[in-house]
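> The chain contents come next:
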Amino acid sequence: MAKEKGNSKVTIYPDWCKGCGICVAFCPAKVIELDGQGKARVVREEDCIHCGFCELHCPDFAIVVTEIERCPK
Amino acid sequence: MSEVIGNHIIHKYLRHNKKFPHVLCPGCGHGIALGALIRSVHCLGLEKDDVVIVAGIGCSGRLAVYVDFNTVHTTHGRALTFATGIKMAKPHLKVICLMGDGDALSIGGNHLIHAARRNIGITALVLNNNIYGMTGGQCSPTTPHGSFSMTSPYGQLEKGFDVAELARAAGANFVARGTSFHAQQLDKLLIQALQHPGFSMVEVVSPCHTQYGRKNKFKGAVDMYKWLKKSATPVERYAELDETGQKDRFPIGVFVDNDAPGLEEQYYALKEKMRGRKS
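These protein sequences, in sequence, are chains A and B. Take the first sequence: its letter number 51 is residue 123 in the numbering used here, and every next letter is one higher. Take the second sequence: its letter number 237 is residue 1394 in the numbering used here, and every next letter is one higher.
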């Protein structure tokens, strides 16, 4: 499940986020922080290890973690 | 279930014409439980039209509004009775009951034990948040002894129900307990529960920080999830602990796992038998 760093994209839908802070508190790589409006925001996307915790534990279904598709060299 | 199936799957099962985000408080565990339910239905490859969600009244009752299955929003405590009717009339449907702790144990307490006794093929999800959240934080049958609520300002004097033990004693086929924090385990428990014949009950310990947490020294949603992380113990490890170790913990996992045929199976088998005898 856990993959290499820098291969994942974390998308947060700000309209659906209620700012409960679960993703911020439990993210093992501290990828997400609360911004001035009290909503979750991605700050260190390159550190994401794609554990999927935020995606599974967002009560408002506001976070989606996907793999970055790279062009084959 | 090898890969993480996340929110892009859940969005396919939501009714996007309803108002989102949903009405539940920020950080409410009910949303996570709904996500786990949708993921398990998706993992089993069930059609949307083959799933019926029957919900009662309360915070958990609101969940049925948001999912794109066949949904019934019923009267308080009577979700299981409506579900019994649906299952007996259309036994090929997967009937899932979404109930809160007040819904399942106080107002509909009799229906729960009798559905378990009958062993009818319903999957009951009891979202246990230890309080009546929607009506203002009155103590419910599962409020633990000594904890505070709006109607027990000096501490609850009554003992709380152990939902899993109750269902086991009443004769349910599959009894399990999960929490909102252990979402992946909850997925697996729900998949097992949906595949079982007969009555299967999954209790989901889902924290209510708005009504329960603020009266019991939990500062917010995150504190309640940390408490779940600390106190929820796998059932095998819980059995090894001594009494002092068990005091602040509760077991999670599968408690009962039987394969007895459900009531509707027996009924339709009897019907076939009687028809065969006539002709």
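There may be inaccurate statements among the hints.
As the list claims (entries may be wrong) - A short, non-exhaustive set of chain B residues, derived as facing chain A with CB atoms under 10 Å: (1) 1165; (2) 1185; (3) 1187; (4) 1189; (5) 1191; (6) 1193; (7) 1196; (8) 1298; (9) 1301.
Unchecked claim - Not close to chain B: a few residues of chain A, all C-beta gaps over 12 Å, as computed: (10) 87; (11) 90; (12) 107; (13) 141.
Unchecked claim - Okay, the calculated bits of chain B under chain A, using three or more residues with CB under 8 Å as the criterion: (14) 1171 to 1181; (15) 1334 to 1341; (16) 1377 to 1388.
Source of the hints: derived by calculation from the structure; they are not laboratory data. Quick reminder that beta carbons are idealized off the backbone N, C-alpha and C, glycines included.
> Decide, hint by hint, whether the structure agrees.
To see whether the hints hold, each was checked on the structure:
no.: 1; hint: 1165; result: holds, 5 Å
no.: 2; hint: 1185; result: holds, 6 Å
no.: 3; hint: 1187; result: holds, 7 Å
no.: 4; hint: 1189; result: holds, 5 Å
no.: 5; hint: 1191; result: holds, 8 Å
no.: 6; hint: 1193; result: holds, 8 Å
no.: 7; hint: 1196; result: holds, 8 Å
no.: 8; hint: 1298; result: violated, 24 Å
no.: 9; hint: 1301; result: violated, 23 Å
no.: 10; hint: 87; result: violated, 7 Å
no.: 11; hint: 90; result: violated, 4 Å
no.: 12; hint: 107; result: holds, 15 Å
no.: 13; hint: 141; result: holds, 14 Å
no.: 14; hint: 1171 to 1181; result: holds (count 5)
no.: 15; hint: 1334 to 1341; result: holds (count 4)
no.: 16; hint: 1377 to 1388; result: holds (count 5)
Of the numbered hints stated above, those contradicted by the structure are hints 8, 9, 10 and 11, listed in ascending order.
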